[in-house]
Every structure is written in C-alpha cells, then in structure tokens.
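Asker: Chains A and B, in that order, give the protein sequences. Here the working numbering runs 8 ahead of the position in the first sequence, where the first position is 1. Here the working numbering runs 5 ahead of the position in the second sequence, where the first position is 1.
In case anyone wonders, no lab produced these hints; they're calculated from the structure. Think of the CB as a built atom: it goes at the ideal place given N, C-alpha and C, for glycine as much as any other residue. Treat the hints with care, since some could be wrong.
Simulated pairs of lysine-lysine, BS3-like, Cα-Cα distance not exceeding 25 Å [what the hints assert, rightly or not]:
1. Lys-312/B / Lys-88/A
2. Lys-88/A / Lys-332/B
3. Lys-65/A / Lys-336/B
4. Lys-332/B / Lys-106/A
5. Lys-117/A / Lys-163/A
6. Lys-49/A / Lys-245/B
7. Lys-170/A / Lys-206/A
8. Lys-336/B / Lys-117/A
9. Lys-88/A / Lys-303/B
10. Lys-123/B / Lys-219/B
11. Lys-65/A / Lys-379/B
12. Lys-90/B / Lys-65/A
13. Lys-65/A / Lys-96/B
14. Lys-178/A / Lys-163/A
15. Lys-49/A / Lys-186/A
16. Lys-245/B / Lys-77/B
17. Lys-138/A / Lys-163/A
18. Lys-65/A / Lys-19/A
19. Lys-88/A / Lys-336/B
20. Lys-69/A / Lys-90/B
A few chain B positions that, by computed beta-carbon distances, are all more than 10 Å from chain A [as the list claims (entries may be wrong)]:
21. Thr-20
22. Trp-81
23. Val-278
24. Arg-376
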Amino acid sequence: MSPNKLRLDHKIISGWIAPNSRVLDLGCGDGELLAYLMENKSVRGTGIEINESHIYKCVEKGISVSHSDIDSGLPDYPSKSFNYVILNESLQEVLHPKMVVLEALRVGKKVIVGIPNFCHWPARVQLFFKGKVPVTKGLPHQWYDTPNLNFLSLKDFRNFCKNKKILIEKFKAISSDKIVTLRPNFFAHSGLFLLSKK
Amino acid sequence: MDKNSVGIVETQYFTFAKSPNEMVLDSGDTLGPITLAYETYGELNENKSNAIYICHALSGDAHAAGYHQGDKKPGWWDIMIGPGKAFDTNKFFLICSNVIGGCSGSTGPSSINPKTKKPYALDFPAITIKDMVTAQKRLIDHLGIKKLFAVAGGSMGGQQAVKWTVQYPDFIRAAIVIATTTRHTAQQIALHVVGRQAIMSDPAWNNGNYYGKKTPEQGLALARMIGHISYMSDQSMGEKFGRKLRKKENVSYNFSTNFEVESYLRHQGDSFVQRFDANSYLYITRALDYFDLTKDGKLADAFTNVKSKFLLIAFTSDWLYPTYQAKEMVKALKINDIDVSYIEVDSSYGHDAFLIENEGQARLISNYLNRIQKESIDES
Chain A
9 MSPNKLRLDH KIISGWIAPN SRVLDLGCGD GELLAYLMEN KSVRGTGIEI
59 NESHIYKCVE KGISVSHSDI DSGLPDYPSK SFNYVILNES LQEVLHPKMV
109 VLEALRVGKK VIVGIPNFCH WPARVQLFFK GKVPVTKGLP HQWYDTPNLN
159 FLSLKDFRNF CKNKKILIEK FKAISSDKIV TLRPNFFAHS GLFLLSKK
Chain B
6 MDKNSVGIVE TQYFTFAKSP NEMVLDSGDT LGPITLAYET YGELNENKSN
56 AIYICHALSG DAHAAGYHQG DKKPGWWDIM IGPGKAFDTN KFFLICSNVI
106 GGCSGSTGPS SINPKTKKPY ALDFPAITIK DMVTAQKRLI DHLGIKKLFA
156 VAGGSMGGQQ AVKWTVQYPD FIRAAIVIAT TTRHTAQQIA LHVVGRQAIM
206 SDPAWNNGNY YGKKTPEQGL ALARMIGHIS YMSDQSMGEK FGRKLRKKEN
256 VSYNFSTNFE VESYLRHQGD SFVQRFDANS YLYITRALDY FDLTKDGKLA
306 DAFTNVKSKF LLIAFTSDWL YPTYQAKEMV KALKINDIDV SYIEVDSSYG
356 HDAFLIENEG QARLISNYLN RIQKESIDES
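Let the hints inform the model, and build the full structure from the sequences given.
Answerer: Structure representation (structure tokens):
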C-alpha cells in the first residue's frame with residue numbers, strides 16, 4: 009500500500025514509530041496498520057483482536073495475532089517487551105481503561121493512544137440543543153448498539169495522563185482527514201497521543 | 006475420487022532400535038526392535054526443506070489422506086491434506102506415522118515380543134508422548150530430513166507437535182497445534198480412567214492376554230462410547246440427534262435402543278472394536294495422562310529453548326480440551342518471546358471440530374504455511 013492511500017491516523021502513527029521496532033497493536037482489526045508497519049517500517053509486529061473474522065484476515069496478511077479481548081490479553085506480555093504499544097480506536101471499548109493504559113505502559117516503552125473525541129462540536133450541538141446522546145460521523149453508534157463503553161474527550165484523556173503522571177510526548181488531533189490545531193477538544197473528532205512513563 | 010485427493014496410497018514401514026540398540030524410553034525401560042507404519046504424500050524437494058509431520062490423535066493411524074486400494078473411505082484428515090488443500094501436497098511433503106504403542110502397523114502391545122515370540126500384551130513397556138516423538142524423529146533421520154518445515158496435529162497429535170518443538174527445538178520451523186493442552190487435567194485423566202476401567206473389567210480382557218482368544222470387545226466399545234461423548238458437544242449432539250427416536254413412534258418403556266443417540270454410540274463402539282486393540286487403548290490413554298510439559302508447575306519454563314513459531318487453534322465448544330488450556334500455552338509462549346498466533350474458532354462441533362470439514366481451519370493453516378514459507382525464503 010502506498011503511503012498516500014493510508015488513513016491519516018495510520019499515517020501519523022507510522023510517522024511516530026522508529027524503523028525496526030517491536031510493535032503490539034491492541035485491537036488490531038484486520039491487521040491493516042500492522043501490515044503497513046511491517047512492510048514500510050520493518051517492525052516486528054503482533055496484535056490482539058477479539059473479532060474472529062478479523063483474525064483470519066490477519067493470518068492471511070502474515071501477521072501474528074492473538075484472539076482475545078484487550079483487558080485479559082495484555083497481562084500475558086512481559087514488561088517492556090515492545091517499543092510501541094498501539095491502542096488506536098480501542099480504548100473506548102475496553103472494560104478497564106485505566107488498567108489497560110497502565111498495562112500498555114508496562115508492556116511497551118511507548119504507547120500510542122487514538123481516541124474518538126466525545127466532545128467534538130457536532131456532538132455538543134446534539135447534546136445541548138437536541139437533548140440527544142450524540143450520533144455523529146465520528147460517533148456513529150446508537151446508545152443501544154455501540155461497542156463503546158467509555159465516553160471521553162481529548163481533554164479528559166489529557167487530565168487522566170496528568171493524574172497518572174503519564175508524559176504526553178506528542179499529540180495530533182484529526183477532523184475529516186485533516187489535522188486540527190485550533191481548539192482540538194472542540195474541532196477534532198479524534199486525537200492521537202504518544203505516551204511514555206514520566 | 007475428487008481431483009483434490011492424493012489418490013491411492015500405500016502404508017510403508019521403517020524398523021529401527023534393533024538389538025542391542027533398543028530405544029530407551031521415558032520410563033527407563035527399553036523397547037526394540039520398533040517398527041513405525043507411515044505414509045507420505047507429495048514430493049520431498051531437493052534440499053528436503055518442505056517436510057511437514059502430521060501427528061495423529063488417540064484413535065488415528067498413519068493413513069491420513071488418500072485411499073487404500075479398494076477402500077471407499079479416505080484417510081482421517083483427507084479434508085485437510087491434498088493438492089490445493091490446507092496442507093497442499095503440490096508444495097509440501099507430508100509424513101504421518103502410527104504412534105508407538107498403537108495397533109495400526111507400528112509396534113505396540115499387540116505386536117510380537119521377540120523374546121517370547123508371543124504378543125507383548127502387558128509386557129509392553131509404558132510409553133509417553135515423548136517416546137512417540139523420539140520414534141518419529143528416528144523416521145525423519147531415516148528419511149534424511151534435517152529440519153521439518155512444520156509439525157501439525159490435533160488433540161493427542163497437538164501434544165506431539167508441542168513436544169516436538171520442546172524436544173527438538175532446532176528442528177522445527179513452525180508448529181500447528183490444534184484442540185489440545187500442555188498437560189492433562191484431573192477431568193481429562195478421569196475420563197480415561199473410566200475408559201480403561203471399562204476395558205479392564207471386561208472378563209475377556211484377561212489381564213491383557215486375549216490375543217488369539219475372545220477380545221474384550223464390550224469393554225473397548227464402552228470406552229469408545231465414553232470417549233465419543235467427550236468429543237462432541239451438547240449443541241452438536243442436540244443438532245444431530247436431539248431426542249429423536251430410533252425407528253419408533255413412541256418410547257418403548259424398556260432398555261432396548263430407544264433414542265437415536267443410543268444407536269449412534271453403539272455403532273461408534275462396535276465399529277471401533279473392529280479396528281482397535283484394547284491394550285493399545287490402555288497404553289495410549291496412559292501416555293496422554295502422563296503428558297505434562299510444566300516444570301515445577303511452571304509452563305513458561307518448558308518453552309525457554311523453543312525456536313519454532315506457533316499457530317494455535319482451539320474450538321469454543323470443545324469441553325474435552327477447553328480453550329483456557331490453549332490460552333495458558335499462548336501466555337507461556339509470549340513470556341518466552343515466541344511468535345504465536347492464536348484463534349478460538351467458533352464451532353458447535355466440540356473437540357471433534359478439527360476433524361470435520363472446517364473452512365476456517367483450512368484457511369488459517371494454508372495462509373499460515375504460506376507465511377512461514379515466505380519468511381523462510383526471506384531468511385535464506
């Protein structure tokens with residue numbers, strides 16, 4: 009795959025990852041990002057994924073993958089066994105997000121977290137003016153049919169990191185395939201954080 | 006015969022450990038000479054780098070694929086082995102042998118003891134999964150293969166596959182380990198105890214000395230029936246039989262065969278005694294009971310020297326080898342930084358799922374082998 013066709017979030021993540029690293033992708037889906045990183049950054053990658061049909065696709069792509077939910081799969085790894093642990097669009101779906109982030113920081117030297125921003129402006133509009141739990145492009149699920157367990161904003165995640173003494177080394181916010189620099193917690197539908205332990 | 010069959014195959018025999026070089030077993034006893042019945046499918050390439058060892062389960066044999074002359078039924082894993090199948094015989098050279106202790110051509114308790122010129126019966130020494138693998142290694146040496154591309158198997162075959170990686174770490178590129186465990190639990194041993202008791206309490210068993218006389222058919226059939234229950238699942242039995250009656254409109258209020266499931270189990274038991282030796286059943290189930298890779302209770306320590314990559318497959322409805330046992334192995338491999346892929350296939354077929362037409366399993370294996378092949382080319 010050429011870098012041009014790459015999703016913007018994957019492009020940013022790939023830019024943050026040093027070549028020849030060891031990478032664990034938590035909630036790796038069909039392995040698209042890992043396959044790209046293995047080919048273009050020569051990383052040694054592996055993933056955890058809960059969806060069985062995605063596992064077949066990962067194996068087809070030649071990726072090592074474990075069939076598990078993130079909460080129970082993460083403790084299997086020894087400390088600092090990866091250069092990077094990726095939690096892209098998966099943290100909002102885990103049962104114990106605090107434990108998962110701290111575990112990811114134990115298992116990896118650096119952790120990349122990508123989260124949808126539940127306080128993106130269209131969501132705020134729906135909540136404030138319509139009195140509805142938001143359903144937007146970035147948050148497409150109805151309340152009764154959503155994989156999301158945790159609802160947080162970019163600001164909430166920053167506060168969490170501050171409280172837990174986690175260093176945010178890098179940050180990028182995205183809206184509709186564009187980087188957002190102005191008031192990301194209002195204008196961005198998702199954000200990416202590069203974390204390490206202080 | 007379909008075009009994806011390996012066609013007509015013949016069993017071959019390899020004899021080793023002749024006196025005075027008998028094989029020393031796990032128990033410390035010796036055994037020899039040992040004959041292994043084996044079959045091969047596909048062509049061994051020039052540098053002998055495309056060999057895959059297929060290990061069979063408790064009641065399996067060397068006949069994994071294709072047809073014996075005149076037979077209507079193919080080998081036990083014919084769905085997986087053949088041209089264009091998961092184990093593609095256009096690319097790979099497959100070897101499958103009957104385990105030692107078995108009764109389908111390899112040396113076992115029904116073989117003639119050279120010292121007495123009579124069947125071994127209970128003079129046959131206890132064997133373990135390790136002994137099975139040691140014997141298989143001798144066959145590989147005999148075939149001139151220096152490194153196996155892969156070793157694969159389900160159930161007891163999976164245990165042999167794992168044992169291969171531990172016992173001969175430099176010898177295995179990849180292991181495909183299906184529906185199995187790294188050690189037998191109390192429940193698994195308990196099921197075997199009942200099976201063995203069924204055989205040993207049959208008067209015809211006669212302390213194992215029944216060769217040339219009436220065989221303990223009833224006991225062995227019962228053991229097989231118990232086994233068969235553990236190979237299926239509540240759901241698969243429900244779907245296959247439910248409460249269907251056998252050639253009846255109503256229950257008959259007596260102990261004749263009322264239900265379809267009764268008839269099925271009886272049939273399984275009766276057909277099994279035609280092809281299996283009761284003493285082999287005792288020895289092989291014992292070998293399974295003894296299987297425990299953990300060292301001082303630690304599984305991770307078993308894999309410290311292992312170099313192969315792993316594909317682990319478990320089935321959601323398998324209650325004989327529940328998925329948690331595969332997960333324990335995944336964890337132990339990860340602790341040792343060993344490359345592993347693990348999948349829990351959603352299936353209602355219970356433990357037997359790996360032997361049943363299974364598109365997911367076939368896809369996984371074929372893609373995984375492609376990957377290992379690509380990586381082996383990149384390495385060289």
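Asker: Evaluate each hint against the coordinates.
Answerer: For each hint, the structure was consulted:
{"no.": "1", "hint": "Lys-312/B / Lys-88/A", "result": "21 Å, holds"}
{"no.": "2", "hint": "Lys-88/A / Lys-332/B", "result": "21 Å, holds"}
{"no.": "3", "hint": "Lys-65/A / Lys-336/B", "result": "22 Å, holds"}
{"no.": "4", "hint": "Lys-332/B / Lys-106/A", "result": "24 Å, holds"}
{"no.": "5", "hint": "Lys-117/A / Lys-163/A", "result": "23 Å, holds"}
{"no.": "6", "hint": "Lys-49/A / Lys-245/B", "result": "51 Å, violated"}
{"no.": "7", "hint": "Lys-170/A / Lys-206/A", "result": "10 Å, holds"}
{"no.": "8", "hint": "Lys-336/B / Lys-117/A", "result": "20 Å, holds"}
{"no.": "9", "hint": "Lys-88/A / Lys-303/B", "result": "21 Å, holds"}
{"no.": "10", "hint": "Lys-123/B / Lys-219/B", "result": "16 Å, holds"}
{"no.": "11", "hint": "Lys-65/A / Lys-379/B", "result": "17 Å, holds"}
{"no.": "12", "hint": "Lys-90/B / Lys-65/A", "result": "18 Å, holds"}
{"no.": "13", "hint": "Lys-65/A / Lys-96/B", "result": "22 Å, holds"}
{"no.": "14", "hint": "Lys-178/A / Lys-163/A", "result": "14 Å, holds"}
{"no.": "15", "hint": "Lys-49/A / Lys-186/A", "result": "23 Å, holds"}
{"no.": "16", "hint": "Lys-245/B / Lys-77/B", "result": "23 Å, holds"}
{"no.": "17", "hint": "Lys-138/A / Lys-163/A", "result": "23 Å, holds"}
{"no.": "18", "hint": "Lys-65/A / Lys-19/A", "result": "21 Å, holds"}
{"no.": "19", "hint": "Lys-88/A / Lys-336/B", "result": "16 Å, holds"}
{"no.": "20", "hint": "Lys-69/A / Lys-90/B", "result": "19 Å, holds"}
{"no.": "21", "hint": "Thr-20", "result": "40 Å, holds"}
{"no.": "22", "hint": "Trp-81", "result": "24 Å, holds"}
{"no.": "23", "hint": "Val-278", "result": "39 Å, holds"}
{"no.": "24", "hint": "Arg-376", "result": "4 Å, violated"}
The structure is inconsistent with the numbered hints 6, 24, although it conforms to all the rest.
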